[in-house]
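Number of protein chains: 2
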Amino acid sequence: MPAAPQSTAPIGVFDSGVGGLTVLHELLVALPQEDFLYLGDCARFPYGDRAPAELQAFSRQIADVLLERGAKLIVVACNSATSSALEHLAAYVAEGGHAVDVIGVVGPESNLAVARTRNGRIGVLATPATVASGAYERAVLASDPLVKLTTVACPQLARISQDGAPITEDDVDLARTYCGPLREAGVDTAILGCTHYPFVGALLQRLLGPQVTLITSGTAIARRVQHALSTRELATPRSGEGRYSFLCTGDAAAFVEVGSRFLQLPMAAVEQIELPTEVPA
Amino acid sequence: MPAAPQSTAPIGVFDSGVGGLTVLHELLVALPQEDFLYLGDCARFPYGDRAPAELQAFSRQIADVLLERGAKLIVVACNSATSSALEHLAAYVAEGGHAVDVIGVVGPESNLAVARTRNGRIGVLATPATVASGAYERAVLASDPLVKLTTVACPQLARISQDGAPITEDDVDLARTYCGPLREAGVDTAILGCTHYPFVGALLQRLLGPQVTLITSGTAIARRVQHALSTRELATPRSGEGRYSFLCTGDAAAFVEVGSRFLQLPMAAVEQIELPTEVPA
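In the order they appear, the protein sequences are chains L and W.
Numbered per this note's numbering, the first sequence spans residues 32 to 312.
Numbered per this note's numbering, the second sequence spans residues 32 to 312.
It is worth saying that the hints were derived from the structure and are not from the lab.
One or more of the hints may lead you astray.
Stated by the list, open to error - Part of the chain L face toward chain W, derived, beta carbon under 7 Å: (1) Val60; (2) Ala196; (3) Pro197; (4) Leu296; (5) Pro297; (6) Ala300; (7) Gln303.
Glycine included, each C-beta is placed from N, C-alpha and C at the ideal position.
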């Protein structure tokens, strides 16, 4: 049996690259006292077109690294890995004898949206792959089968503003098109179902109107993490700010350069690591 | 008597330069249906060291321009102009026979902070000039004399991150120093008393902790504007997004380049204007 996780250990977070750093950003703001260890699997980016078995193998490899470094909880900050591998990974971690929770995207946002809505009409903006997976639909309707869900695939939304370039009129027109069905449906709650969308959160809020509550992955996950740690009595005893550091399977310099824009906080400690190239079936 | 303001007219907003665009950003998000006309007095930037009589004259000139273009309400999105000229300007506008409200910074944030605090301990982060003016102290204590106020002058905070450069470890250390007295005082509400501070809002939230409510100028002003328009029955009848445009006394190209980072929305229409160089006493 592996050693029991420690309350002073870091929370592990992973993604295929820098996208999950917007989730880490919100975790660092919501849970400032905790330590975090982020792994960006940049060498194998993107995860979007990978087969489920492949993403399950990648997730196992990454979890092994995070657990070896003592992670007391694992956050899957990636829509593709969550859709294809969350349950698989949670079972893998549990079978390894680790008393470690595995929390993904989708579930926490869906729960929070159901808790927040007053008129029962919830919108989801997500990538075409995520929409096609039906993951938000299943999660929201599992929480509340009476919710009227409006889901919009937004093929171009993730690229707006994430490179630091100013938002253009064309970007606004594009975002307005995506928001149209949500406005028509009269949603009072909208899930931003992609880790890149916080970059355009203010724009979406303007287009949807101030009466709509936006739910981002990071905020929703932060609450879930807090519950999970509390249940296992694993919340850090620290009261000041925790530390955070990074592992990266690709080029560390490029990871820092792009990543700083996503994290909006300094990225001092980045360690480059290699994962086995031969992926077990 | 000038014509009565129209509900379809724009809300005028002014500042000495681009700083007030963070206020406009929040107004555009909170009141998306309204039109806005922003005047950046870049040619006479900065206002910080100007005499009160000078700022009163500048404010009158700017109000004349905004009123001529039909502004139905004027927002002074600048701490220096608010401290030195708000009451003067409101009287000038009223004496001119305009049924137009003039709303500045300081008052709305102070009210909102008093409304939000539960433990009666409020913090203020602001520039040395604003702290020296005692404006937040007067406004907060006028709303609630029992509040325990902790005010910190932050000489370097406005420059962090506003040029788009990544936040450094030194920046974090600096911000942590400024937050120290607020943490020690156990404030549950903190006023960001400078239009540039929204750039470091997430960093300050992390350093102060999630239990602290941050109050920014824009959010607080948006509520006040909404009340004022509602009282005078001047809220726009429109339900979609309004338009916004810009006047600038300095170089329009430079204003757009820097301003886009502050506004985080497109800045299409900028008109360069000249204000009288001979300032009446």
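Structure-based check of all given hints:
Contact between Val60 of chain L and chain W, as hinted, is supported at the beta carbon level, the nearest pair being about 5 Å apart and thus within 7 Å. Checking Ala196 of chain L against chain W by beta carbon gives a least distance of about 9 Å; that is not within 7 Å, so the hint is violated. Of the supplied interface hints, the one on Pro197 of chain L holds, with its beta-carbon coming within about 4 Å of a beta-carbon of chain W, less than 7 Å. At about 6 Å, the closest approach between the beta carbon of Leu296 of chain L and any beta carbon in chain W falls short of 7 Å, and the interface hint on this residue holds.
With its C-beta approaching chain W no nearer than about 5 Å, Pro297 of chain L sits inside the 7 Å limit, and its interface hint holds. For Ala300 of chain L, the interface hint is violated, since its Cβ never comes within 7 Å of a Cβ in chain W; the closest pair sits about 11 Å apart. At about 20 Å, the closest approach between the beta carbon of Gln303 of chain L and any beta carbon in chain W exceeds 7 Å, and the interface hint on this residue is violated.
Hint check: violations occur at hints 2, 6 and 7; the rest are consistent with the structure.
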